[in-house]
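*Asks:* Sequences are here, hints too, so could you generate the full structure?
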Amino acid sequence: MYKNFLKIITFLSILVSPFLYTSAYAKTKVGFVYLTTPGDHGWTYAHELGKQMVKKEFGNDVEISIVENVPEGPDATRVIRELAKQGNQIIFTTSFGYMEPTLKVAKEFPNVKFEHMTGYKRTKNVATGNIRFYEGRYVQGVVAGLMTKTNKIGYIGAYPISEVIMGINAFAQGLRSVNKKATISVIWANTWYDPVKEADAAKVHIAEGADILAQHTDSPAMLQIAEKNGALGFGQSTDMGAFAPKAQLFASVNNWGPYYIKKIKQLKDGKWNTGDGPDHWAGNTWGGLSTNMLTLSNFSNMPTDVAKKAQAAHDGIKSGKLKIFAGPLTTNDGKEIIGAGKTLDDGALWGMNYYLEGVTGKVPK
Amino acid sequence: MENLLITILLTSIPILLAGLGELVTEKSGVLNLGVEGMMLCGAVAALGSVLIFGNPYIGILFGAIAGILISTVFSFFTITLMTNQVATGLGLTIFATALTGLIGEPFVGKTAASLPKLEIIFLSDIPYLGKILFSNDILVYFAIFLIFFIHFGFQNTKIGIIIRAVGDNHDSAHSIGYSVKLVRWISTSFGGMCAGMGGAYIPLALTPHWSEGMTAGKGWIALALVVFASWMPIRLLIGALIFGGITILQFVAQARGWDVPSQFLNMLPYLATILALALISFKLRHNNYAPACLGKHFLGNK
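Residue numbers (our numbering), protein chains in the order written: chain A, 1 to 365; chain B, 1001 to 1302.
Hints in this document: simulated from the structure, not taken from any laboratory.
For clarity, every value in this text was computed on a predicted model and none was experimentally measured.
Not one of these hints is a red herring.
Dumping the calculated SDA-like pairs for lysine to any residue here, alpha-carbon to alpha-carbon at most 20 Å:
| no. | chain 1 | residue 1 | chain 2 | residue 2 |
| --- | --- | --- | --- | --- |
| 1 | A | Lys271 | A | Pro258 |
| 2 | A | Lys246 | B | Lys1110 |
| 3 | A | Lys149 | B | Met1001 |
| 4 | B | Lys1110 | A | Thr37 |
| 5 | B | Lys1131 | A | Asn229 |
| 6 | A | Lys228 | B | Leu1005 |
If you want the ones that stay clear, here's a sample from chain B, every Cβ over 12 Å from chain A, calculated:
| no. | residue |
| --- | --- |
| 7 | Ile1058 |
| 8 | Phe1076 |
| 9 | Leu1081 |
| 10 | Ala1087 |
| 11 | Phe1122 |
| 12 | Leu1123 |
| 13 | Ile1126 |
| 14 | Tyr1128 |
| 15 | Phe1142 |
| 16 | Ile1159 |
| 17 | Ser1179 |
| 18 | Thr1273 |
| 19 | His1297 |
Chain A residues, not near chain B, derived (Cβ > 10 Å throughout):
| no. | residue |
| --- | --- |
| 20 | Gly73 |
| 21 | Gln89 |
| 22 | Met147 |
| 23 | Asn179 |
| 24 | Leu344 |
Glycine is no exception: its CB is placed at the ideal position from the N, C-alpha and C atoms.
*Replies:* Next up, the structure:
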């Protein structure tokens, strides 16, 4: 009797299991790979906020797995593969350095969709998404130009790659639109996140006479040093006002949520694709102020007329009337890039290996 | 210029403190390669305690205690169990790097209060020098005090001479009745305390953050510095300032647009370390500064 009973149970469960399997799968399984622990500021925290928007939008219709603190390199390949094996249907890899690992794993799992943030290589199941960070930096340049007293701007860059260089150049364009005397000096930290180095670089900038600091690195260390020394600066990736209430002018805020939601919706509707715009270096989704993928935090620590001009620059970029890289453009050693009436296209931005007028020094080779 | 000099001085404080501690440890004949790890323990304990208690001075205390605790592990292994000092020291650093990463996880992205500056009346009003030397936080004064304390301690006090005796010839020290193991335990703990305070200085004064492995090789530089200074505290100060100077110089060169690759400048502190070690080891053959029993086990202490 028992034997038969067991057999029936086994038989039934085998019959039922495919349905169990599919009903579990009605939930979309989403994976995220984070470069660091999210903390409460900076690059990864911005992605974390995006993930929270996904959770809010889909509620129990998604099951989210996150792996934090994944170094860019072989470890990333292992982590992404593991997420794919666990049945995640769409995996967001949220740092530039995950490009090759993502592509490698994508080849092994053709049915899983991969979304590589800030990369430029795509395949059938790898899409890319990026933000026009440089648009915020133009507005920073405008504010810096109006606020500086010493006419010296200290800029801390992570690595001399086109992503960062176009930010510096956009900043310079904004700066020179209001103040032709001010110059930007750049210190390369050779790291995305190292509070000690970033603090050292900020101290040196201030000692060298800079009164406005800007950064393309992730920690709030620079702003805190500015706060201590009575200088001003801009926050990175998320609002960093809490770290430096008297020093932050505003922050460019990365808003990944809408992009994530859009792509997960596409997947649910069976309409996922690798992008909807024309192909260019940044990936085919390259959103900025106009699509709200980039927003600016509140203007603070500045007079209202400066805030008004900043707002005007913001509105101009958002509406498309203000072209940041409109000619004539000249490099800081006097070479003409384009003449009047022309504007650099997206491809040219990703080929930037020169500084525009207003920046001192040379791009390291 | 004034600001640059202050920045250089502050940057060299962690290496100076850790170096002074290691100097005392090595003088007693123990080679503790775990400086980097002890500094990390000090840094994480300091930041954590400041976040909890809100007072940066408590951070110094906890940094020092953490350094002592972790160095005790080292002492237990190398002095009591007589394991290999080099391997144990390396192991300690690797262990501490991971341990502090684990402990420090909840502190990532949190900001702690910094050590306040204490201006010494009258002295801080001296033009140029006053602002650089007499308008700093307590650990800067402590580090400078420690240089002279250790220097005179080794020259003029009985305890200092006992430590040197133990480090130079442990059999003789033992035969006239000193407890070699006890002296080494205490010296190693002192080294741990200093390294812990040096590590604590980074989040307490340089940048009010914790990030994994934030000492970024400063412990190794401190180790090399001890050899570079040929076990003399005052030379250690000079060495620390040179290393602090090079660290800051790489940023100054960029800010001023000097045409030098930043990677090359990044490399300089370590290059200087290797050069110093090479020079010293060459010199050692002719003039022996190193404690004669450095790294050797003491077997008999019954």
